[in-house]
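Enquirer: Sequence:
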Amino acid sequence: MEVNVDDVVMPGDIVKDILKNDTKETVVLGPGLRREADTVFVCKAGILQKRPPAVYYVNSYQKRYVPIRGENVIGIIIQKVGDLYRVDIGAKESAALSYLAFEGATKKNRPDIQVGDIVFAKLLVAIKDMEPELVCVDSQGKQKKLGILSSDGMLFTCTLNLARKLLNPNCPLFNFLAKNQAYEVAIGMNGKVWVKTTSVHKTIAIANAILAAEFISPEKMQELCNSIEKTLLMLT
1 MEVNVDDVVM PGDIVKDILK NDTKETVVLG PGLRREADTV FVCKAGILQK RPPAVYYVNS
61 YQKRYVPIRG ENVIGIIIQK VGDLYRVDIG AKESAALSYL AFEGATKKNR PDIQVGDIVF
121 AKLLVAIKDM EPELVCVDSQ GKQKKLGILS SDGMLFTCTL NLARKLLNPN CPLFNFLAKN
181 QAYEVAIGMN GKVWVKTTSV HKTIAIANAI LAAEFISPEK MQELCNSIEK TLLMLT
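Residue numbers 1 to 236, in the UniProt record's numbering, belong to the letters of the sequence shown in order.
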């Protein structure tokens, strides 16, 4: 069956006119789509969506994270093997992180990384038949917001759908929370969220607000944040 953008799709459906774009924009096929000759097939159940300028993908519910090149993820250092660190990112296999993948790192100036540390990194290599590889710098060699996350924060797991929802620029949750609370947050596309505030009960409250936002519309998020504020006032 032929389908269009915003349709509910099933494996085997054909995406209509996706490669017949009259403009000279490059069409990018994201997760859930596969090209054979001049036809694009759906290989995952979900909703067909488009992101400007011409990125097509299937938004679907899945439990296990599948690494995708360029995505930011949060992982835990589980092992050191030679010059590499093994990082658990929630995929079917651990990812590799070199000690040289940090800003300013050299053979003589190695970063202080221990097993159990939490790292916010970008996927450099994510190929089906190869081990995922992480880096903690951007294309210009700058760390920016990547790197080792503080152990003072709280790490918890959410669904992949919620992670995508939180990273949507139109999601107002964090703007509402920031009006009265100072906090730091890092969200990985692999469903890992790290939160740090000035106290334990504030951290737990914000974590609960994030988890509760999965089934709440953007219009109702202000009410959610107000209830969180009332709870914090009762505890202080």
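Rather than coming from a laboratory, the hints here were simulated on the basis of the structure.
One thing to keep in mind: the hints can contain errors.
To be verified - Within a straight-line C-alpha distance of at most 25 angstroms, the following computed DMTMM-like cross-link-like pairs (lysine to aspartate or glutamate) qualify:
id: 1; residue 1: Lys142; residue 2: Glu223
id: 2; residue 1: Lys44; residue 2: Asp152
id: 3; residue 1: Lys108; residue 2: Asp129
id: 4; residue 1: Lys63; residue 2: Glu131
id: 5; residue 1: Lys92; residue 2: Asp152
id: 6; residue 1: Lys92; residue 2: Glu71
id: 7; residue 1: Lys202; residue 2: Glu223
id: 8; residue 1: Lys108; residue 2: Asp152
id: 9; residue 1: Lys144; residue 2: Asp83
id: 10; residue 1: Lys145; residue 2: Glu223
id: 11; residue 1: Lys80; residue 2: Asp152
id: 12; residue 1: Lys44; residue 2: Asp83
id: 13; residue 1: Lys128; residue 2: Asp38
id: 14; residue 1: Lys122; residue 2: Glu223
id: 15; residue 1: Lys165; residue 2: Asp129
id: 16; residue 1: Lys80; residue 2: Asp129
id: 17; residue 1: Lys50; residue 2: Asp7
id: 18; residue 1: Lys179; residue 2: Glu229
id: 19; residue 1: Lys16; residue 2: Glu36
id: 20; residue 1: Lys196; residue 2: Asp129
id: 21; residue 1: Lys165; residue 2: Glu36
id: 22; residue 1: Lys107; residue 2: Asp117
id: 23; residue 1: Lys44; residue 2: Asp112
To be verified - Label-pair distances were calculated between CB atoms; the ranges are:
id: 24; residue 1: Ser98; residue 2: Asn175; range: 16 to 24 angstroms
id: 25; residue 1: Pro52; residue 2: Leu211; range: 49 to 57 angstroms
id: 26; residue 1: Glu2; residue 2: Gly30; range: 13 to 21 angstroms
id: 27; residue 1: Ile78; residue 2: Pro218; range: 31 to 39 angstroms
id: 28; residue 1: Gly104; residue 2: Asn168; range: 28 to 36 angstroms
Glycine residues also receive a C-beta, built at the ideal position from the N, C-alpha and C atoms.
Enquirer: Are the Cα positions of Lys107 and Asp117 separated by 25 angstroms at most?
Expert: 21 angstroms, holds
Enquirer: Does the structure keep Lys128 and Asp38 at a Cα separation of 25 angstroms or less?
Expert: 23 angstroms, holds
Enquirer: Given the hinted pair Lys63 and Glu131, is their alpha-carbon gap at most 25 angstroms?
Expert: Holds: Lys63 and Glu131 sit about 20 angstroms apart, inside 25 angstroms.
Enquirer: Looking only at beta-carbon atoms, does the pair Ser98, Asn175 fall within the given range of 16 to 24 angstroms?
Expert: Because 36 angstroms falls outside the window, the suggested range is violated.
Enquirer: Taking only the CA atoms, is the gap from Lys165 to Asp129 under or equal to 25 angstroms?
Expert: Status violated; Cα separation ~29 angstroms.
Enquirer: Taking only the CA atoms, is the gap from Lys179 to Glu229 under or equal to 25 angstroms?
Expert: 10 angstroms, holds
Enquirer: Decide if the proposed pair is consistent with the structure: Lys108 and Asp152, CA atoms, cutoff 25 angstroms inclusive.
Expert: 28 angstroms, violated
Enquirer: When you check the alpha-carbon spacing of Lys92 and Glu71, does it fall within 25 angstroms?
Expert: This hinted pair holds, its Cα atoms lying about 16 angstroms apart.
Enquirer: Between the alpha carbons of Lys145 and Glu223, is the straight-line distance 25 angstroms or under?
Expert: 30 angstroms, violated
Enquirer: Within 25 angstroms, alpha carbon to alpha carbon, are Lys44 and Asp83?
Expert: Answer violated: Lys44 to Asp83 is near 38 angstroms, above 25 angstroms.
Enquirer: Between the alpha carbons of Lys196 and Asp129, is the straight-line distance 25 angstroms or under?
Expert: At roughly 36 angstroms apart (the allowed maximum being 25 angstroms), Asp129 and Lys196 break the hint.
Enquirer: With a cut-off of 25 angstroms on the C-alpha distance, tell me whether Lys44 and Asp112 pass.
Expert: Distance of about 41 angstroms is beyond 25 angstroms: violated.
In this structure, the earlier hints numbered 1, 2, 3, 5, 8, 10, 12, 14, 15, 20, 21, 23, 24 and 25 are contradicted, and the remaining ones agree with it.
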